[in-house]
Amino acid sequence: MSEVKEIAEIPSFTVTLSIRRFDPEKSEEASWEEFQVEMHSTDRVLDALHKIKWEQDGSLTFRRSCAHGVCGSDAVRINGRNRLACKTLIKDLDINSTITVEPIKGLPVEKDLVVDMNPFYQAYKDINPFLLANDKPEKERLQSPEDRARYDDTTKCILCAACTTSCPVFWTDGQYFGPAAIVNAHRFIFDSRDEQADLRLDILNDKEGVWRCRTTFNCTEACPRGIEVTKAIAEVKQAILRGKP
Amino acid sequence: MTKVHHHEFDVVIVGAGGAGMRAAIEAGPHAKTAVISKLFPTRSHTGAAQGGMAAALANVEEDSWEWHTFDTVKGGDYLVDQDAAEILAKESVQAVIDLENMGLPFNRTPDGKIDQRRFGGHTRDHGKAPVRRSCYAADRTGHMILQTLYQTCVKLGIEFFNEFYVLDMVMTEVDGQEVPAAVVAYDLATGELHIVRGKSIVYATGGFGKIFKTTSNAHTLTGDGIGIIWRKGLPLEDMEFYQFHPTGLAGLGILLSEAARGEGGILRNAQGERFMERYAPTIKDLAPRDMVARAMANEVREGRGGGPNKDYVFLDLTHLEPAVIDAKLPDITEFARTYLGVEPYTEPVPVFPTAHYAMGGIPTNIKAEVLSDNDTVIPGLYAAGECACVSVHGANRLGTNSLLDINVFGKRAGIYAVEYAKTATLPPLPENAEADVVKLLEQVRSSTGDEKVAVLRRELQDTMDANAQVYRTEESLNEALNKITELRERYKNISIQDYGQRFNTDLLEAVELGFLLDLAEVLAYASRERRESRGGHFREDYLDRNDDKFMMHSMLYKEGEPTGEIGAGIRVGWKPVVITNYQPMERKY
Chain A
1 MSEVKEIAEI
11 PSFTVTLSIR
21 RFDPEKSEEA
31 SWEEFQVEMH
41 STDRVLDALH
51 KIKWEQDGSL
61 TFRRSCAHGV
71 CGSDAVRING
81 RNRLACKTLI
91 KDLDINSTIT
101 VEPIKGLPVE
111 KDLVVDMNPF
121 YQAYKDINPF
131 LLANDKPEKE
141 RLQSPEDRAR
151 YDDTTKCILC
161 AACTTSCPVF
171 WTDGQYFGPA
181 AIVNAHRFIF
191 DSRDEQADLR
201 LDILNDKEGV
211 WRCRTTFNCT
221 EACPRGIEVT
231 KAIAEVKQAI
241 LRGKP
Chain B
1 MTKVHHHEFD
11 VVIVGAGGAG
21 MRAAIEAGPH
31 AKTAVISKLF
41 PTRSHTGAAQ
51 GGMAAALANV
61 EEDSWEWHTF
71 DTVKGGDYLV
81 DQDAAEILAK
91 ESVQAVIDLE
101 NMGLPFNRTP
111 DGKIDQRRFG
121 GHTRDHGKAP
131 VRRSCYAADR
141 TGHMILQTLY
151 QTCVKLGIEF
161 FNEFYVLDMV
171 MTEVDGQEVP
181 AAVVAYDLAT
191 GELHIVRGKS
201 IVYATGGFGK
211 IFKTTSNAHT
221 LTGDGIGIIW
231 RKGLPLEDME
241 FYQFHPTGLA
251 GLGILLSEAA
261 RGEGGILRNA
271 QGERFMERYA
281 PTIKDLAPRD
291 MVARAMANEV
301 REGRGGGPNK
311 DYVFLDLTHL
321 EPAVIDAKLP
331 DITEFARTYL
341 GVEPYTEPVP
351 VFPTAHYAMG
361 GIPTNIKAEV
371 LSDNDTVIPG
381 LYAAGECACV
391 SVHGANRLGT
401 NSLLDINVFG
411 KRAGIYAVEY
421 AKTATLPPLP
431 ENAEADVVKL
441 LEQVRSSTGD
451 EKVAVLRREL
461 QDTMDANAQV
471 YRTEESLNEA
481 LNKITELRER
491 YKNISIQDYG
501 QRFNTDLLEA
511 VELGFLLDLA
521 EVLAYASRER
531 RESRGGHFRE
541 DYLDRNDDKF
551 MMHSMLYKEG
561 EPTGEIGAGI
571 RVGWKPVVIT
581 NYQPMERKY
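Protein chains in written order, with my numbering: chain A, 1 to 245; chain B, 1 to 589.
Hints listed in this document are in silico derivations from the structure and should not be mistaken for laboratory results. Glycine residues also receive a C-beta, built at the ideal position from the N, C-alpha and C atoms. Possibly wrong hints are sitting among the right ones.
What the hints assert, rightly or not - What follows is a set of in silico ranges between Cβ atoms, one per label pair, in the way DEER data are often shown:
id: 1; chain 1: A; residue 1: S41; chain 2: B; residue 2: V324; range: 25 to 33 Å
id: 2; chain 1: A; residue 1: D116; chain 2: B; residue 2: K310; range: 32 to 40 Å
id: 3; chain 1: B; residue 1: G176; chain 2: A; residue 2: D116; range: 43 to 51 Å
Required output: the full structure, derived from the provided sequences and hints.
Pasting the structure below:
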């Protein structure tokens with residue numbers, strides 16, 4: 001066995017979080033509120049939010065579930081970048097400065113870090129996010145490992161909205177399908193078992209479709225699953241130009 | 001006054017994880033169906049499952065459903081109902097094909113078939129050697145299942161009530177029998193109540209791992225669904241059997257799939273010894289989870305653990321090709337890098353058992369119908385998935401059998417719920433159906449004591465980790481029960497800070513704690529009453545399995561209110577195990 005890494009005593013430190021608060025039952029205006037919390041180096045931003053909620057202010061409101069980056073509930077904007085709160089370690093941020101946490105941009109804020117995700121889900125539904133095939137196989141369909149690999153990257157999407165709400169085009173034009181919907185379209189367009197690539201390519205050839213993308217790569221950088229989002233969008237653009245996947 | 005909305009459906013499904021959505025896919029096309037979930041569907045914890053779904057497809061080597069049945073029964077330490085295990089194994093092949101046909105992107109063999117890999121306790125010909133039975137999609141099989149089921153629900157136009165917390169079920173008498181009439185749900189966005197009536201009601205609410213501190217479970221897994229059933233005076237079965245997954249990231253509990261060992265990963269102690277060779281000489285690291293978890297805990301107890309506190313062991317993947325790790329185990333190796341800063345290509349990963357899965361739950365028969373005692377069916381009430389106990393997992397679930405369970409019995413729940421709804425009439429709704437929920441919420445809102453929900457929850461989780469985990473004794477379980485009794489009293493003196501109507505998660509965390517206290521008590525009490533060791537339930541004061549006295553399912557009932565005495569208001573019954581082909585034998589691997 002190779003060298004075992006000793007995990008030493010976990011150091012603790014105090015950090016300041018500045019959180020964008022909004023509660024329409026109390027005020028029309030959003031405002032920043034600062035909290036100081038003692039954290040350990042293995043703690044995530046989600047742990048800090050919980051610590052504040054559980055020890056200082058129970059009204060602090062945010063979504064979360066799995067707490068290890070697979071359910072997609074807790075996308076927020078941390079120090080101006082879209083991240084999952086449960087996948088961002090405090091120690092990886094500059095702990096000497098105030099850490100800002102605010103809701104993802106471009107979707108209506110409901111309360112504190114909670115946004116209305118319905119416009120995002122609607123864009124996802126609009127690209128027909130399901131296998132469309134008329135064959136009636138009696139057993140499993142066959143698919144070569146090479147064909148399976150063509151859409152592997154885009155199957156990782158957890159619908160957290162980190163990509164779509166990092167996109168400057170989406171911020172100014174809420175009608176734009178946005179990167180996540182295109183990623184989910186890609187997942188079916190390049191699946192050899194699907195028979196309706198044309199339908200989705202038509203939908204994305206719309207004026208609010210892929211051509212709005214300005215390849216700023218914000219989405220790729222924001223994706224907590226490491227999906228090459230901009231590349232997927234480019235592949236959809238090429239498929240539209242070729243007229244087939 | 002709380003605003004109350006009314007809805008009527010044929011089939012009402014509570015929970016939008018794998019079992020709930022699989023049921024909805026069967027029910028939706030044939031009956032007016034609603035799915036109510038405290039989360040947006042794809043946030044459900046099915047999505048965190050990693051390794052695979054068992055089915056004897058025999059795509060890569062010889063296999064049979066009969067071998068799968070045997071492995072399931074033996075893995076469950078013979079507490080499995082064998083008629084149910086036969087159905088699970090027989091219907092597994094179609095369940096996988098259903099998913100593939102819906103579009104699930106399984107990994108493929110070179111000739112294009114669904115690929116399969118090894119997993120703990122799954123063997124060729126009754127234990128001769130490990131067999132490749134797990135169908136998988138990298139190490140995100142649960143994610144793929146959840147996405148595929150949701151995609152199919154979107155395709156079918158299934159109606160969802162998302163971020164609605166079901167807090168009560170209303171029962172009514174029809175033809176002299178108690179039947180469910182509706183569920184009462186709290187809409188997180190508005191704080192308003194919704195009474196959702198249905199001819200059939202399906203529970204698919206998942207587990208309750210948050211009674212423990214170290215757990216692979218999501219924050220939202222607080223057992224509300226099972227808790228409601230308990231509060232209605234209906235029984236819970238085999239609650240003492242809780243699975244601790246061997247390989248949680250040390251200190252964090254985040255799951256690292258058994259697929260890591262299926263692909264060749266090895267557990268080692270601080271001396272570098274492959275210690276499983278001593279505990280399970282034939283299948284070593286691929287022994288069932290209860291055995292591996294106990295072996296790990298034992299290594300640590302005997303001083304062979306690693307780290308500054310010698311409190312974990314190591315999962316060694318360093319002998320695997322990085323390309324294999326990237327192709328087959330990308331997510332879990334990423335977890336090790338992100339959360340512990342450990343590079344699995346070159347460094348062994350610190351791991352320790354983590355609370356993972358409830359084998360017990362709401363008793364059902366093989367049609368997913370809920371039982372009100374050992375064999376009486378409650379018309380119109382169904383349960384499937386982790387919240388249910390059918391029982392295919394017995395005293396210890398095999399890896400990959402839970403993704404299978406939700407698909408096989410979720411589908412059955414949907415089919416039989418529709419069949420019932422087709423001839424049933426909507427049960428009458430009792431007056432003031434929302435009264436109990438209004439009262440429950442009002443109690444929490446108006447309570448002005450100085451106890452904090454988060455403090456009580458942490459104390460509960462600490463006592464469960466210390467006293468009801470891998471090793472248990474009469475003394476430790478009494479300590480847990482005493483602590484829970486104390487916490488119940490203190491729970492009456494909580495106060496919350498958010499009194500708003502919109503997105504009030506402060507209020508709901510307080511309500512959820514009530515369910516956690518109930519279920520922790522049931523688990524600890526059932527564990528105390530089972531004075532033997534079997535599967536995931538290990539009693540240091542009763543080391544052996546005792547088939548003469550305990551070859552039975554426990555059935556616990558709530559009778560009356562807690563009084564402050566241990567076990568007050570709990571009655572214990574027992575239910576025979578269904579045996580078809582396999583007589584209990586000693587369990588060796």
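So, going through the hints one by one against the coordinates:
no.: 1; hint: A:S41 to B:V324: 25 to 33 Å; verdict: holds, 31 Å
no.: 2; hint: A:D116 to B:K310: 32 to 40 Å; verdict: violated, 49 Å
no.: 3; hint: B:G176 to A:D116: 43 to 51 Å; verdict: holds, 47 Å
Figure legend: structure checked against the earlier numbered hints; the only hint not met is number 2.
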